[in-house]
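Asker: Be aware that the sequence shown starts at 802, since it is given in the numbering used here, and climbs by one per residue.
The set of hints was computed from the structure by calculation and includes no laboratory data. Don't take each hint at face value.
[Claimed, not checked] With a straight-line Cα cutoff of 20 Å, these simulated EDC-like cross-link-like pairs (lysine to aspartate or glutamate) come out:
| hint | residue 1 | residue 2 |
| --- | --- | --- |
| 1 | 844 | 904 |
| 2 | 851 | 904 |
| 3 | 822 | 834 |
| 4 | 851 | 815 |
| 5 | 851 | 840 |
| 6 | 822 | 886 |
| 7 | 844 | 815 |
| 8 | 844 | 834 |
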Amino acid sequence: LAFGLPLIQRLSADPTRPTPKSARALILAPTRELVRQIESSLKVFTDGTKIRVTSIVGGVGMSPQERAMSQGVDILVATPGRLMDLISRRSVNLNGCGFLVLDEADQMLDMG
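Whole structure, please, built from the sequences with the hints as guidance.
Answerer: The following block contains the structure:
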């Protein structure tokens with residue numbers, strides 16, 4: 802998670818708050834297990850701050866994930882497929898996203 806601490810530092814230095822359904826930073830990872838691991842690690846470092854971290858992955862209901870995004874988040878960790886699903890449902894808007902991290906990009910390319 803070499804990208805985690807610099808990302809948290811940059812977001813902490815900017816007082817901008819996320820708008821509804823938006824994310825200030827997006828981390829894409831190929832598997833739900835990796836997404837959960839990244840989310841868990843980031844939450845350790847953001848505990849006690851105003852930075853909100855959430856994840857969206859396939860294989861679970863969309864409604865809780867849509868509710869989690871309704872107020873917007875600072876860091877969204879997602880699998881590409883579920884992210885596309887929620888974008889098409891207009892539950893996620895990435896227009897204001899200022900940071901993008903592709904974790905295991907080679908694996909995502911291999912997966913198509």
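Asker: For a C-alpha distance cap of 20 Å, please report whether residue 822 and residue 886 respect it.
Answerer: Holds, at roughly 14 Å.
Asker: Hinted pair, alpha-carbon criterion (20 Å max): residue 844, residue 834. Please report holds or violated.
Answerer: With Cα atoms ~15 Å apart, residue 844 and residue 834 stay inside 20 Å; holds.
Asker: So if I understand the rule, the pair passes when the alpha-carbon distance is 20 Å or less; does residue 851 with residue 815 pass?
Answerer: 11 Å, holds
Asker: Would the pair residue 844 and residue 815 pass a check requiring their Cα atoms to be no farther apart than 20 Å?
Answerer: Status holds; Cα separation ~18 Å.
Asker: Given the hinted pair residue 851 and residue 840, is their Cα-Cα distance within 20 Å?
Answerer: 15 Å, holds
Asker: Mind checking the alpha carbons of residue 844 and residue 904 for me, to see if they're no more than 20 Å apart?
Answerer: Satisfied, since the Cα-Cα distance of roughly 17 Å is no more than 20 Å.
Asker: Please verify whether residue 822 and residue 834 have alpha carbons no more than 20 Å apart.
Answerer: With a Cα-Cα distance of about 23 Å, the restraint between residue 822 and residue 834 is violated, given a limit of 20 Å.
Asker: Going straight from one Cα to the other, do residue 851 and residue 904 come out at no more than 20 Å?
Answerer: Violated: residue 851 and residue 904 sit about 24 Å apart, past 20 Å.
Against the hints set out earlier in the document, violations occur for numbers 2, 3.
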